[in-house]
Each structure stands twice: as structure tokens, then as C-alpha cells.
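There are 2 protein chains.
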Amino acid sequence: MKIIHTADWHLGKLVHGLYMTDDQREVLNEFSQLVEEERPDAVVIAGDLYDRSVPPTAAVQLLDEILFKINVELKTPVIAISGNHDSAERLHFGSSWYKQNHFYLQGKLDSEFSPIRLGGLNFYTIPYAEPGTVRQLLEDDSIHSHQDAMKTIVGKIENQMNPNETNVFVGHAFVLGGKETDSERTLSVGGSGAVASDVFAPFDYTALGHLHSPDAIKHDSIRYSGSLMKYSFSEAKQRKSVSIIEFNEKGGFSIEEKCLQPKRDMREIEGMLDELLDPDYYQSQKVDDYLKVNLLDEGALIDPINKLRKVYPNVLHLERKIENVDARKKREYSPSHHDKKSDLDLFQQFYEEMTTQTFSESKRVTMSKIMQHVKREVESR
Amino acid sequence: MKIIHTADWHLGKLVHGLYMTDDQREVLNEFSQLVEEERPDAVVIAGDLYDRSVPPTAAVQLLDEILFKINVELKTPVIAISGNHDSAERLHFGSSWYKQNHFYLQGKLDSEFSPIRLGGLNFYTIPYAEPGTVRQLLEDDSIHSHQDAMKTIVGKIENQMNPNETNVFVGHAFVLGGKETDSERTLSVGGSGAVASDVFAPFDYTALGHLHSPDAIKHDSIRYSGSLMKYSFSEAKQRKSVSIIEFNEKGGFSIEEKCLQPKRDMREIEGMLDELLDPDYYQSQKVDDYLKVNLLDEGALIDPINKLRKVYPNVLHLERKIENVDARKKREYSPSHHDKKSDLDLFQQFYEEMTTQTFSESKRVTMSKIMQHVKREVESR
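Sequences listed follow chains E and G, in order. For the record, in the first sequence the residue sitting at position 222 is 222 according to UniProt numbering, with numbers rising by one throughout. For the record, in the second sequence the residue sitting at position 266 is 266 according to UniProt numbering, with numbers rising by one throughout.
The shape of chain E in the complex, shown without the other chains:
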């Protein structure tokens, strides 16, 4: 029994104002060729098929085409769940028809938790759901966090599953606590969004989506496949691949990663403007890659972005060293070392990264009050 585990396709993704649909089409064609060569018993897509609840129509057409090719033309069973970027209800439309063709699309969470049985394996498919949704669906008022929700769900699955069979969990969640992570620490940092890895202990293999790197967790039986492609410059150095999992009869498995090569890579280059525009330099470069350019010049520059784009047509983002210096200075004001940061300092850092606004003293006071209030609430429970 062999499956291909992938996730986080994010069809319809806009990166710095540019739709990635054509690039996604190319990579997905490569993917369907891989499916044709490997002939897996199932393709598992662990959420975030689309980048948003109402994706552009070109993305809708692309998903339709690629799934039809894999499921109908190549006769490969497909198991897919919705992620936090998908609309559970919109993605769910038609799933009752699809499953007759071994295309199991679980958009909405349901309270049955009955597995999909394929080739001797049981797949438990749990789409992304907010704690509130799970609380309502399971009528369990004790569910307040993702950790609570997942623990309750897995408990219900455990009650009905046969541990002597091979059981696979398919989910879309922020799971922490692998071999090399200080799980307690990160759980307290990540807050209610995270789920501890030990929740998934009952399963032989846990196929996850949500985090975009295949190295996001180091664990023997829990794995993120990583996203289909690089979707931001923070992922520039990640490798992008799908995972081929081959199960043996005792529930063990082997893993093989297959890299997908988009036509245009996403990466950063750095230098003085003149250096980057020098043919000696750029002739050794793949100039049509998607680029973030870090300019090291200090003085004023005339229209650097358009000069760069004459050589590198797909410059998506330009940063000046001077800005970096500013940012570095700013960072020096904030409390120094990660380990020593208070919750409030961590929130300030998060706030400033997310909003690019200053976390003013009055905001700090307000947030501090909220945190104290929540702390008291939690302690009095």
C-alpha cells in the first residue's frame, strides 16, 4: 500500500500582487506525472487546496482539471480535507457524488468519524475546524482550544478503531512537539492554536497540512508534506516536495521525498545595484526567478526597481540595506533575548510583525489588562 502525501496547494495564491496560478498549473502537471509513474493506492491532500474561501475562477478550474486527471483519468483514489484557507461548506459541495468515484473530499467536519477504508488502511479525515465549531458539533462545552478539540476528536476515533489495523490520520493543524522541539515552551508561546504531537499517538501515520516545510516537525510517525511550492520569501530556503509513504503489513512504513521543480524558483539575491546589473553576475543567474532583492547601496538610487526588472523581470520585492539597518535598530529597543521575553513582549513582537504598526504604550496597557483578565479567568476555572 503506497500513498502520496501532499498538502497546502493554495490554488489562487497571490504573492506580492502576482497570481501564481500558471506556476501552480505547471507544478501540478508535474505532480500528476508523478502519480502516473508511481501509481499510488491513494493521493492524500491534507488541506488548503485553495488559498481562500472564494478563490479566483482560474483556480477553481485548475483544481477541477487536476483532480479529474488524477482521480478519473489515472483512476487514483483521492482523499482530501479542507484547511483553514478553504471554505469548508463551498469545498464540500458535491462530495456525496465524488466518493462514488473514490474521491473522498471532506469539506465539513462531521461527528461520525468513520474511516475511509482503502487497500487495508483506515483513513480518518479531519478537516480544519475552529474549537467553537467542534464544541458545537460534539456538544462538549469543555472544548476551548485546538488542543481540546483535537484530543476529543481523537478520543472518539480511538473508541471505535481497531488498533490491530493500520490507521492513518489526515489533518490540518498546527502540531508541535517533535523530537527536537521544546514542546512545552512552544506550546505556551503558540497559545491555543497548537496541538501537542502526543495526541496522535494512536495512529500509525499522521499526514498533516498547515505548516509549509517538510521539516516542520521531527517525529517518527507525524509528518507535514510541506506546501506544493514556495509561497513567500520566508520559504525561499525550504525544499518543496511531496512524500511517498509505503506501508508494510505490520503498520510500519518507509518515506521517500520527491521534489517538484517549478519553472521559476523563489529566492533572494543581495548586492549593490551596479553589481546586480553587471552581466558578469546576472549571466550566471536564472534571471526569471521570483526575486526578493536586497540592495546594499546606502545613498539615493534612481528608479532601482525598473532598472532591476529590465534584467530580472520577476522582481517581486525590493529592500534597501538602510531599511534593514532601521529595522535592526528598532529590534534593539525590544527586550533582548527570546527566552527571557514576557508574554506581553512576545505579543508586541507578533503585533508589530503582523501589522507593521507600532505597539504604542496605550496598546500595551490595554493588552496587559486583557492578559491579566484572561489569566484570572483561566486560574479560577
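Among the clues, some could well be false.
For chains that are exact copies, the list does not tell them apart, and a pair is met inside one copy or across any two.
DSSO-like mimics (lysine-lysine), calculated; alpha carbons at most 27 Å apart, straight line [said to hold, decoys possible]:
| # | residue 1 | residue 2 |
| --- | --- | --- |
| 1 | Lys108 | Lys69 |
| 2 | Lys151 | Lys69 |
| 3 | Lys156 | Lys258 |
| 4 | Lys75 | Lys108 |
| 5 | Lys341 | Lys250 |
Worth flagging that the hints you see were computed from the coordinates, not collected in a lab.
Use these hints to put chain G onto chain E, whose structure you have.
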């Protein structure tokens, strides 16, 4: 061979700020009971399944449920096309899977025009498409109007169809020119949006959607089923029904209308506020209907809408007689008689009805220039 012809479900419709989804669910449950009793060989839905390209998720779930019930549980083939309110691409998603279950969902127009063969009948399904879309798809630069587009499409169908078989056209368009209409006149009024009924002469039966009344056209073989429900007060006096068409072996057919009864009707009532609030009056009324109330009082009234809503909870719209008098006066200013109106006068009337803005002298001059320009263009072709 028996089909049920329906159209214009407009799921997710907002009427005066109120979502009709619950009412639509009730009527559709009634409809699926009818399907269960009648056991037709196919249900034909001639477009506008949704009210907009991105309908609310409750509407998505409702369509999924009702089609699953009819198609899968009741094992009834379903033929559906998209209308101008649907998103062709979004609705099309998954149609390759559905058709394996005899659910033929034509979201996007394709250039094949091959029929669906069911029970000895050929169904040609033509979703709503703008003239520009058809021009591009068929690579035919002579297509400028809906009339051109439909004529070309029907021509292509005619080339490949067998006239000795029974051929049914399923479309979503503004078709004019039945028995009781002066077709040339109305075509010149309606402009490029309309299609002449004689275009559909090759078909034994033409199942249309778009216009909401089953009386919209009087023609032996062309029929609007009308919408599922009343969707505006201008439809208050229309009957709402679906059409059961029973074909005999010679291509002839009989028509039976089946009315659907929503829990709440949509209608107008008129009177003085005191009269309408008098128990002697309202006790004979179905007070929870969706109402437009025309108040005949002339003086000032204190909070009439809330007084009315205590008795009639679903008053959606309130009009005062005084406003009607104003409107009547306004109308007197516009050129007197329909038959004598110039194109410009007709446009003015259309503009004022659609925008509720005044058609100023400067707008009149601009429009007059445009009309002259277009006229010259057309004449010089």
C-alpha cells in the same frame, strides 16, 4: 418520456434585506416530493440555480442537499445549466464526476454542442453566455448580440442533429416573439439582450429560464417554467409552478403545471393604517406573509412600520400614497404613449426606472450622440 422543467431557483436570494433560504428549502422539499410522486425521466433546471456568483454558504449547502436527494436518492437524472446569475466556472466544478451519475451540470458553454441522450430524447444544453464569450469560443467575429450568438449556436446544433428524433433545447435567455407579441417592435425595444423565438424552430421543445413568469411567452413549443418562488413584489400576482412535460413518440407533448406553495406568500395590501390594524381586517389575513403595504393616509403617521409589524411581522416594504401621487406626476412629464416613444424616450424611461435618478438634459445629449453613432455604424456595415 416525462420531464419536469423548472428554472430560476435563485438560491441565496436576498429580498429587501431578508435571506429567502429557509423559504427556498421548504419549497424545494415540496419539489422533491413532487419528483418522488411523478417519477420523471429527468428534471431540467434552466439556469439561475443561485442568485449570485458567490452565494452564501447556506445556499451552497441547500443546493447540494436537494440535488443529492433528487439525483442520488430518488435516482432521477438531472440536467442543469448556469444562468446569468450563476458563476459559470464555479458552478461547473465537479461536473465531470456528476455526469457519471446522470447529473448533467453544464456550467460553462463548450463548443461541442453534443446532446445528452436520455430516454430517446436529445437535450442540447446551452448555459447563459455573453455575446463576447460566444464570439471568442466559436471564433466568429460576426457575433455582436445575443440574437447573433444564439442563432450561430443553434445553427451549429442543427448541422449535427437528427430532425427525426425528439430534440429539446435547454437555455437561459430573454426570448421574445410568441403568439401575442409584436416581435419586431419588442426586439427593437429590448435591444441586443433579446433573442427572437423563431431561432428555436428546429427544436420540438425549448425549456427556458430567465423570465420569472410561466406566461412570459405564448408559444406552442417554447416555454419559461417561471421561477421557483416570487422574488419581488412585481411578481406578487404571478403564479409560481413547475411544468411537467410528457412527450409522445412523435415529438409532440402535453404540459401540466404543478403549483408550489411556499409557507409565506409575497403580496401587497393597501388601506389606511387604522384599517390595516383593525382585527376585523387582519384576522381574515394570513398575517405572516411577506408584505408590501401601501398606506393611503395623507397626513403624518407616527412609526407606521413598527405598528404594522406588530400585526404583520414580515412587512418588507412600506409605501405611502403621497409618494405614489408624486410618482404619478413624474410619469406625466414623460412622453405620453408607449407606441409613439422614440428610442431616446424609451431609454430615458428605462434609465429612470433602473437608477431612480433623473435623466438630465446633458445625459440626454450624450445618449443621443451615442445612439446616432451606433446607428451610423450599423448602417455602414
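Here is what the structure says about each hint:
no., hint, in the structure
1, Lys108 <-> Lys69, "both (24 Å within a copy, 19 Å between copies)"
2, Lys151 <-> Lys69, "neither (36 Å within a copy, 34 Å between copies)"
3, Lys156 <-> Lys258, "neither (34 Å within a copy, 47 Å between copies)"
4, Lys75 <-> Lys108, "both (25 Å within a copy, 25 Å between copies)"
5, Lys341 <-> Lys250, "neither (45 Å within a copy, 85 Å between copies)"
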